[in-house]
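K.L.:
So the chains spell out like this:
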Amino acid sequence: MFRIQCCKSTNIHTITAMIDFFSGIIEYEFLRNAIFAALLASISCGIIGSYIVARRMVFISGGITHASFGGIGLGYFLGINPLIGAIIFSVLSALGIRTFSKRSEIREDSAIGILWSLGMAVGIIFIFLTPGYAPNLMTYLFGSILTVTNFDLYLMIGLAVFTGLFFFIFYRLILFISFDEEYARSHNAPVETINYLLLALIALAIVIHIRVAGIILVISYLTIPQSAANLMANDLRKIIFLSIFLSFAGSVLGLIASYYLNIPSGATIIFVFILIFAIVRISKTVSAYLKKKKIGKSAFRFTSYKRTPQTGSGPKS
Amino acid sequence: MKLLLQLTNVSAGYGDEPVLKDINFSVHEQDYIGIIGPNGGGKTTLIKILLGLLKPLSGQVTRYEEARGSFAGYLPQQSQIDTRFPITVRDIVLSGLMSAKGKFRSYNGDDRLMAEMMLEKMGISHLANRTARELSGGQLQRVFISRALISSPKILILDEPGTYVDNRFESDLYKLLEELNHKMAILMVTHDVGTISYYVKTIACVNTYLHYHQSNIITEEQLEAYNCPLQIITHGDVPHTVLQKHEHTHDHSHD
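The listed protein sequences derive, respectively, from chains R and W. Residue 1 is where the first sequence starts when you use our numbering, and the numbers rise one by one after that. Residue 1001 is where the second sequence starts when you use our numbering, and the numbers rise one by one after that.
It is worth saying that the hints were derived from the structure and are not from the lab. Computed from a predicted model, the values in this text were never measured in an experiment. Here a beta-carbon is modelled for each residue, glycine too, at the ideal position from N, C-alpha and C. Treat the hints with caution; some may be incorrect.
Stated by the list, open to error - Among the chain W residues that face chain R by a calculated CB cut under 10 Å, a handful are:
1) P1056
2) G1059
3) I1081
4) R1084
5) I1092
6) M1098
7) S1099
8) A1100
9) N1129
10) T1131
11) R1133
12) E1160
As the list claims (entries may be wrong) - In silico lysine-lysine, DSSO-like type, Cα no more than 27 Å apart, as pairs:
13) K1002/W with K1021/W
14) K1175/W with K1002/W
15) K102/R with K1175/W
16) K1055/W with K1002/W
17) K1183/W with K1021/W
18) K1021/W with K102/R
Kindly generate the complete structure, drawing on both the sequences and the hints.
P.N.:
As structure tokens, this is what we get:
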């Protein structure tokens, strides 16, 4: 990371800031925690987000995220840890969306829209009813990787370990069910169980990472690195590993940038994610263009010198 | 010939009104049955019952000699599958071993070798590392056939197998099916009645009720008697409902 940064910019201030940042990691616990949180978030979200993107579940994830705000409000109102309220709300709304859209004539995207706004409304009302000022409300809305507590980190470690193990053991089953549910069902695979477990896992991942990225931004950890990885690889396993890497790299770069520019960390990290995505997208287009040019040239050579009917049979994409 | 599967007085459907009523139907070893019928007549529902994807509202489904996990191979309609899903061709074929493998056992080199062999047989072994979205409809169809066959099923069920394939592959496919028919029963849903009467041994007409026709030659009068009108809606092709002697026409002009 360090090398990349200093090669990009020879600005002496940048280097000083970088050194500041790295000595800060050694010196300050909150920076160490932030890096550690970024790593854990990248592992959990890299895995679960790849699943979300592959199965086109981004919208349902957005719905779950916002529905959890109701739980945060309830937590404030009852004086318990808002995270616990959020976990309950998000898991229930995740399972609720599926069950509703399956058992009644409400379609899934409508069910998502309804629970999304219900959660937000409940949250606003409870926070309004809670006497006094809600001190950490902004943290829940926008997140703050720099203020993660040890409790948050324990939760994130637990989630990362569980998610990693779950996908390691059931990878093929998850892959096959996600690709063709009906075929899996015809082979007596536990389709419903796996689907519901993964939905619950999505809900948990969202809530636990609200502390890091906030309700408004948590979806970025679950979609942007994965979408970039999706452009580079075409196999779910590779997409998972790539998005973990891109997500961690983006988080650290974002942290450095936010430290140097003195701007909010969450938003900066997401900006870096988008930047990574754009770079991947553009370089893909450029390399495809160069390949095409090369093939075009070699085909020309064939026809002009050797007179063979062969033409370049390079990949279409 | 050994009985593989039997439906006794089966009614099936999704709401209160059954799509299929009083179905009595059995599949024996080496059967080659064409399933025809109008759209909405219950062909897909019948397949779901046969595959165990749908529980009947009443009646009984009996499976004989259930070899562990490899009872029925199934070739779905491509329109039901998200072909942009990030999965390699090799993995798609391996997914045909899902029930043989159970929930926990991992896939080993033997399984991968078997998948390669299936792809080799279908002439697409060079595509093993590609993903679904990089393939043409015909190539994907071969992948799905490999998936259906990798577990050496007792029954092979095909839903409109000719839809996405070119003419050449279509005739290859029917040759392959004829060969496979020595080892397994084949059930094929199709709207291409010309083809069906040429290759299949018997015909099942499905329109709420099921009429089993013990021959591969069926006349228009018989179809009418079975209450099985064929509303053949094909793309630009002239529908041919006259199914006289082995008249083999598969001159589909669709892409």
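K.L.:
For every hint, state whether the structure bears it out.
P.N.:
Evaluated hints:
1. Because the smallest distance between the Cβ of P1056/W and any Cβ of chain R comes to about 16 Å, over 10 Å, the interface hint for this residue is violated.
2. Annotation: interface hint on G1059/W violated; nearest CB of chain R at approximately 20 Å, more than 10 Å.
3. For the restraint placing I1081/W at the interface with chain R, the shortest Cβ-Cβ distance is roughly 6 Å, inside the 10 Å limit, so the hint holds.
4. Below 10 Å, beta-carbon pairs count as interface contacts, and R1084/W has one with chain R at about 9 Å; its hint therefore holds.
5. With 10 Å as the threshold, the beta carbon of I1092/W comes within range of chain R, its nearest partner Cβ sitting at about 7 Å, so the hint holds.
6. The beta carbon of M1098/W is positioned within 10 Å of a beta carbon in chain R (closest approach about 4 Å), and the interface hint is therefore held.
7. Satisfaction of the interface hint for S1099/W is found here, the shortest Cβ-Cβ separation to chain R being roughly 4 Å, below the 10 Å cut-off.
8. Interface hint status for A1100/W: upheld, as the beta-carbon distance to the closest one in chain R is roughly 8 Å, under 10 Å.
9. Checking N1129/W against chain R by beta carbon gives a least distance of about 8 Å; that is within 10 Å, so the hint holds.
10. A hinted interface residue such as T1131/W counts as satisfied when its beta carbon comes closer than 10 Å to some beta carbon of chain R; here the least separation is about 4 Å, so the hint holds.
11. This hint holds: R1133/W has a C-beta 8 Å from the nearest C-beta of chain R, less than the 10 Å allowed.
12. The beta carbon of E1160/W is not positioned within 10 Å of any beta carbon in chain R (closest approach about 15 Å), and the interface hint is therefore violated.
13. A hinted pair counts as satisfied when its Cα atoms are at most 27 Å apart, and K1002/W with K1021/W qualifies at roughly 26 Å.
14. Proximity of K1175/W to K1002/W is assessed by CA-CA distance (about 24 Å); at most 27 Å being required, the pair is judged to hold.
15. Distance check on the hinted pair: K102/R and K1175/W sit about 41 Å apart at the alpha-carbon level, beyond 27 Å; violated.
16. A hinted pair counts as satisfied when its Cα atoms are at most 27 Å apart, and K1055/W with K1002/W qualifies at roughly 24 Å.
17. With a CA separation close to 31 Å, the supplied pair K1183/W and K1021/W exceeds the 27 Å bound.
18. The suggested pairing of K1021/W with K102/R holds, with an alpha-carbon distance near 25 Å, which does not exceed 27 Å.
Hint compliance for this structure: hints 1, 2, 12, 15, 17 are not met, and every other hint is.
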